[in-house]
Amino acid sequence: MTSYSEYTEYTVGEPIKDEQAPSGPVHERWDTRRFQAKLVNPANRRKHSIIVVGTGLAGGAAGATLAEQGYHVIQFCYQDSPRRAHSIAAQGGINAAKNYRNDGDSIHRLFYDTVKGGDFRARESNVHRLAQISVEIIDQCVAQGVPFAREYGGLLDTRSFGGVQVSRTFYARGQTGQQLLLGAYQALSRQIAAGGVEMHARTEMLDLIVIDGRARGIVARDLVTGKISTYFADAVVLASGGYGNVFYLSTNAMNSNATAIWRAHRRGAYFANPCFTQIHPTCIPRSGDHQSKLTLMSESLRNDGRIWVPKAKGDTRPPAEIPEDERDYYLERIYPSFGNLVPRDIASRAAKNVCDEGRGVGPGGQGVYLDFADAIARMGRKAVEEKYGNLFDMYERITAENPYEVPMRIYPAIHYTMGGLWVDYDLQTTVPGLFAIGEANFSDHGANRLGASALMQGLADGYFVLPATINDYLARNPHKDEVDASHPAAVEAVRETEDRLARLLAVDGDRTPDSFHREIGELVWEFCGMARTDEGLRKALDRIPQIREEFWRRIKVPGTGEEFNQSLEKANRIVDYLELAELMCLDALHRAESCGGHFREESQTPDGEAARKDEEFSYAAAWEFTGTGAAPVLHKEQLTFEYVHPTQRSYA
Amino acid sequence: MASTFWQSTVGKKIVMGVTGLIMIGYLVVHMVANAKIFFGPEEFNAYGHWLRVMGAPVLHHEWGLWGARVILLTSVILHGVSAYQLSRRDIKARPEKYVHSKPRMSYATRTMRWGGVILGLFIVWHVLDLTTGTVHSGGFQEGHPYQNVVDTFSTWYGNVIYIVAMLAMGMHVRHGFWSAAQTLGAGNRTRDRAFKALANGLAIVLTVGFISVPVGVMTGVVS
Amino acid sequence: MKLTLRVWRQKNADTPGAMATYELDGVSQDMSFLEMLDILNEELIVKGEEPVAFDHDCREGICGACSLVINGDAHGPERTTTCQLHMRSFKDGDTIDIEPWRASAFPVIKDLVVDRSAFDRVIQAGGYITAPTGSAPEAHATPVPKADADYAFEHAECIGCGACVAACPNGAAMLFTSAKVNHLNVLPQGSPERETRVLDMVSQMDAEGFGGCTLTGECATACPKGIPLFSITSMNKEWLRATRKVKR
Chain V
1 MTSYSEYTEY TVGEPIKDEQ APSGPVHERW DTRRFQAKLV NPANRRKHSI
51 IVVGTGLAGG AAGATLAEQG YHVIQFCYQD SPRRAHSIAA QGGINAAKNY
101 RNDGDSIHRL FYDTVKGGDF RARESNVHRL AQISVEIIDQ CVAQGVPFAR
151 EYGGLLDTRS FGGVQVSRTF YARGQTGQQL LLGAYQALSR QIAAGGVEMH
201 ARTEMLDLIV IDGRARGIVA RDLVTGKIST YFADAVVLAS GGYGNVFYLS
251 TNAMNSNATA IWRAHRRGAY FANPCFTQIH PTCIPRSGDH QSKLTLMSES
301 LRNDGRIWVP KAKGDTRPPA EIPEDERDYY LERIYPSFGN LVPRDIASRA
351 AKNVCDEGRG VGPGGQGVYL DFADAIARMG RKAVEEKYGN LFDMYERITA
401 ENPYEVPMRI YPAIHYTMGG LWVDYDLQTT VPGLFAIGEA NFSDHGANRL
451 GASALMQGLA DGYFVLPATI NDYLARNPHK DEVDASHPAA VEAVRETEDR
501 LARLLAVDGD RTPDSFHREI GELVWEFCGM ARTDEGLRKA LDRIPQIREE
551 FWRRIKVPGT GEEFNQSLEK ANRIVDYLEL AELMCLDALH RAESCGGHFR
601 EESQTPDGEA ARKDEEFSYA AAWEFTGTGA APVLHKEQLT FEYVHPTQRS
651 YA
Chain U
1001 MASTFWQSTV GKKIVMGVTG LIMIGYLVVH MVANAKIFFG PEEFNAYGHW
1051 LRVMGAPVLH HEWGLWGARV ILLTSVILHG VSAYQLSRRD IKARPEKYVH
1101 SKPRMSYATR TMRWGGVILG LFIVWHVLDL TTGTVHSGGF QEGHPYQNVV
1151 DTFSTWYGNV IYIVAMLAMG MHVRHGFWSA AQTLGAGNRT RDRAFKALAN
1201 GLAIVLTVGF ISVPVGVMTG VVS
Chain X
2001 MKLTLRVWRQ KNADTPGAMA TYELDGVSQD MSFLEMLDIL NEELIVKGEE
2051 PVAFDHDCRE GICGACSLVI NGDAHGPERT TTCQLHMRSF KDGDTIDIEP
2101 WRASAFPVIK DLVVDRSAFD RVIQAGGYIT APTGSAPEAH ATPVPKADAD
2151 YAFEHAECIG CGACVAACPN GAAMLFTSAK VNHLNVLPQG SPERETRVLD
2201 MVSQMDAEGF GGCTLTGECA TACPKGIPLF SITSMNKEWL RATRKVKR
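Chains as they are written, first to last, in this note's numbering: chain V, 1 to 652; chain U, 1001 to 1223; chain X, 2001 to 2248.
Any given hint might turn out to be false.
To be verified - Computed from the model, here is a short list of chain U residues facing chain X with C-beta under 10 angstroms: (1) S1008; (2) R1069; (3) L1086.
As the list claims (entries may be wrong) - If the Cβ cut is set under 7 angstroms, some of the chain X residues that face chain V in the computed set are: (4) L2024; (5) G2026; (6) E2060; (7) D2120; (8) G2190.
Everything labelled a hint here was simulated from the structure, so no lab data went into it. We treat Cβ as the ideally placed atom computed from N, Cα and C, and that holds for glycine.
So that you can see chain V by itself, here it is in the shape it has in the complex:
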C-alpha cells in the first residue's frame, strides 16, 4: 500500500439520502411529488433567470421548456450552434412504454428492465418516473415534427433493441438522436426568437459561482474573443453530457468534456459512481496511432452477424482463408442460449479476452470479426442490404473494406458514462440551486445503461422532470439579493479561472495537449476500462499524479488567451480529466465487486461472470471533493429495492 500514492486513501463520510422522492407506491411518487412541489406564479417567472449549460437533448429540451413557462433562460454551448450537441450522433432509437405492439409492454416492464439492466445500482423511484414519462416524450416529439419511422398505415413503427423482448424502440432510420435533437433545437430556437432564451454559442463554462451556499452563476469563456465573463441567475442547470472523453478514444465528440461537471464537483457537488462507464461492443477498431476518435456501429448488427476470431494465436491469414473448423465463434460457444446477442458488457469483455489471448485480428490485433457471410447466404445479399445498407456503407467509407465480402472488424469502445453528478429525485445536486440533467447526472441507469435509454432519459429530464422540480426550488428560495460580478465569490472564481489559463499559457513546455490527453486516456483505458483489477487500479492511481505533475511542467499551449485558441480549450479540459481520472480509478478500486459496466476481475463467478456483492455495495458512491490530490470523502446512498428484487444476471 505504501508504495502507492496517498490519494488511494479516502474517508467515509455521512451517508447521503434522497429526501425528495415521496414514499408510497412507486407509481404514485411522481404525481405526488409534482403536487407537493411549490409553484411559481406565472407573473413572477420572468423575474427568475436560469442558467442552462449545454444544448443536447436534456439541455435543449430544458431551455425550451423553461422559457415556455416564462422563465428567463441564459443558455450556453461550446459548439458554434446549439444544433451540434453530441446527442445528435445517437443512432439506434428511443424507448417508450407505449405498448403499440400489444406485445406485453408496460410502464412497469420498462421500469423493471431498466432497474435490472442497470444491475441494481439505480434508484427505483427515478427509474419508475423515467418509464412513466417515456410515453409523453413520444407524443411531444411527434407534435414537434420529429419524422419517426412509420408504417404504411401512417402509424409509428417500433423495433426491438438491445436484447429486450418487446418492441418498444421508436426510431428515425439510424439517426434518431439527430432527429430528436433537432426537435429540441427547433423548440429552443423558437424561444430564442421570442426572447425567452438568451443563447451564448461558442461559450464554455469554466467554473461555477456559489454564493451563500447556493449556485448563483457561472464563469464562462467566449471561445471566439477569449473574454472571460460571469453570468448570474437564480439557479444553474448543467446539461453538459458525460465524461467519456477522459478515455481519449471514445465515441464522444472531440470536444465533449467534463469541465462543467468537474468544476461543479470542485465547488461542492458530489460526483456519483464515476467508475460506471459503458463500453459498446460494436465499434470500428482503431486503424493506427493517429486515431482521434471511434465510430460506433449500431448494435443491431449483432442480430445477424456472427462474431469470431481464429482459434490459433497470431493467425494472420485473411479471414476467407481460415477454414470453418479453425474459427472460434466464441460468444456462441460460451453463451449457447444468447449467442451473439449477449448484453453489451459481456460481449465487450469477451472480445477483450480473446484479443488479450493474442487472437485478435486486424492492425494491432485489437479487433474481432463480425461476419455476415451466413446471413447473406441465408437471407440473400439484397435483404442484408435493405436491413444494414447504410451501416455497411459507413463501415466501408471508414475502412475501405467491403463488409459484403470481407467480415467487418469490430472492437469495443467507450460510449456512455452512467456516473455523473449526484442528484436527488428533483435532479438537484448537493449544491442547492445546482441541477444536473441528462448524461451529466448519475440518476437512472445504475451500473449499466440499456440501449435506446439515453435519449429517453435526456428528454425526460429536460422536457418533464426538471421544469417541474425547479419550480419548487425557486418558489422556496426567493432571492432577495441581486448578485453581480463584484461579489467576492465571483471575483474569486474569475481569478482562479484566469490564473489557470494564464498558467497553461505560461508553461511553454515541449508537449502538446493531445499528447497528454492520449497518455491519460490510454492509462484509464488500460486499467479502468473493460476489466479492472486492484493491482491495475493502484498502478493507475500511482501514475496519474505523475502525469499531472508532468503536465504542468511540460505542456505547450501556443497563442494567447485573448483569441480563438483551440489548444488552450483542449489543455484546460485536460486539467480536469487529470483529476477526474483519479476519482474514476479510486471509485473503481473501492467498489470491489463487479456490476454492470464495472467488472472487477477479483469478483467473478466460477464460470467467469460478473459477481455483484449486494450486501457490501448496494449503494451509490457519492464523492466529495477535498482538493486536488487530496483524499475525497465517500458518502454512500443506500439503495433499496421494493419492487424489483436483485438477482444475479445469467446469460449462459
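Based on these hints, arrange chains U and X on the given structure of chain V.
Showing chains U and X alone in chain V's frame:
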C-alpha cells in the same frame, strides 16, 4: 403583397421566371411567323400588316400591337432589373473567390448573366434595325418588312450580330426555361427529364428557327 | 504519403488572410482528413507555431461542424463530410488546397473557422413547430402517410454544415432553408404554420445576406446528406402558395 414579392430573392426570381416564360412564348410565335418569309414577300408583308390590324374591329389600329409591345417591354424591363438586382446581391453574397477554383456548372448556366446582357443589347439593335429603322443598312421602308430583313442579312455584321445573339438566346432559353419551372415550383424528380428535354428542345427549335432566316438570305433562298 | 498543404491562415476576422504552405510527411491512407490536420497541428505546436484552427466535433458525419473547402470542393472530393473523408482519396505527393467556407453571411473567425450563426437565425425565424412541452396530443392521434414521413425525413437529414452555401457561386442558402421548410411543411403537425414558416424563413435568409438561387445545382452536389435540388423547387412552390394565402 407586391412588396413581399419584390423584396424577396425568391419573389424576384419568380418575376424573372414569369417574364421569361412570357418572352419564350413570344419567341415561339415570332419564330413561327418568321418562317413566312420563305413563302415570299407578299405573305410576309401581309403578316406585318396584320400585326397592326390585329384584334380589329374591336381594337383600334395598332392597339393590339402596342398592347403586345407594352407587355413585352414590361417583361424585358422586369426581367432585366430583377436579374441586375439579383446579380448584384449574389456577387455581394460571395465577394471572395476560392483560391482553388474550378469551372463546374454547365456552359448554359454560367453564361446566363452575360448571355442576358448580350440579348438585351441585341433587342435594342433589333428594334432600331427592323422596327424603327434607325440603324438600318440601306433604305428602311416602313411597311416592307421583307425587304428590310433581306437588307439586314445582306450585310456581314447583320448576320454576325444576329447569329451570335440567337446562339446566346438558345443557351439562355435552355437554362432559363428549366429554371423557370423550378422557380415556379413545377419541377420534381419524376418530371425533371421531361422539363430538361423540353428546355433543350425549345432551345434547339428556337435557335434553328431564327437562324434559318439569315441563312436563307445568305444562301439566296430568300432574296 | 507525403503531401504539400496549402492552408488558408487568417488571424481573426479583422486581419486579412493568405494561403500558407506546409509539407507533411508520414500521412497514412487510413487517416481521416481531419486526423491528417491533427498531425500537422501537433507538428506546428511542437515547433512553436500556432496550429491551424478548424471546426470539428463528432467526427462521424452528423454534427455538421466540420467545414473545409478542399481543392475547391466543399467537404472535398467525396460526397461526405470532411470528417468522413479519408486520405486514401489522395495520392502521395499531392498538393492539397484547404480553404474556409466562403460567403459574406459566413464571416471567417480564424483560419478555417467561420461564423454560421446566420443558419440559426433562419431556423429561429420559423423552422419549428409551435408545440409547447406538455401540450402534445397522443402520438397516434394523427397518422402520417408513410410517403410523407419519408419525405419529411429525407429533408430533416440536413446537418446544417453550410456546404451548400460554400459551394454556391452566389452564396445562397436556399437548400438549407428549403430542407427545413419541406421537412415541416409536409407534416400535418406543421401545417398550421405552413405559410408563415416559409415566408419568414425566406425573408430571414435574405436579411442575412445570402445570395439568390440561380439553380446551378452546386449545393445539391456538395450536400453530404444528399438533400435534392428539388427541395428548392418545392420551397418555391410553398412560398408562392403562401403569398397567395397570407395577406401581409
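When the least beta-carbon distance from X/D2120 to chain V is tested against 7 angstroms, hint result: Constraint on X/D2120 satisfied, holds at 5 angstroms.
Interface hint outcome for U/S1008 [beta carbon to chain X under 10 angstroms]: holds (6 angstroms)
Agreement of hint U/L1086 with chain X interface, Cβ distance less than 10 angstroms: holds (5 angstroms)
Supplied contact hint for U/R1069, tested at 10 angstroms Cβ to chain X: violated (28 angstroms)
Restraint outcome when X/E2060 is required to lie within 7 angstroms of chain V by C-beta distance: Constraint on X/E2060 satisfied, holds at 5 angstroms.
Restraint check, 7 angstroms cut-off on beta carbons, for X/L2024 near chain V: Result: violated, 12 angstroms to nearest chain V Cβ.
Restraint outcome when X/G2190 is required to lie within 7 angstroms of chain V by C-beta distance: holds (5 angstroms)
Hint validity - X/G2026 Cβ closer than 7 angstroms to any chain V Cβ: Since the shortest Cβ distance to chain V is 9 angstroms, the answer is violated.
In summary, the numbered hints that this structure violates are 2, 4 and 5.
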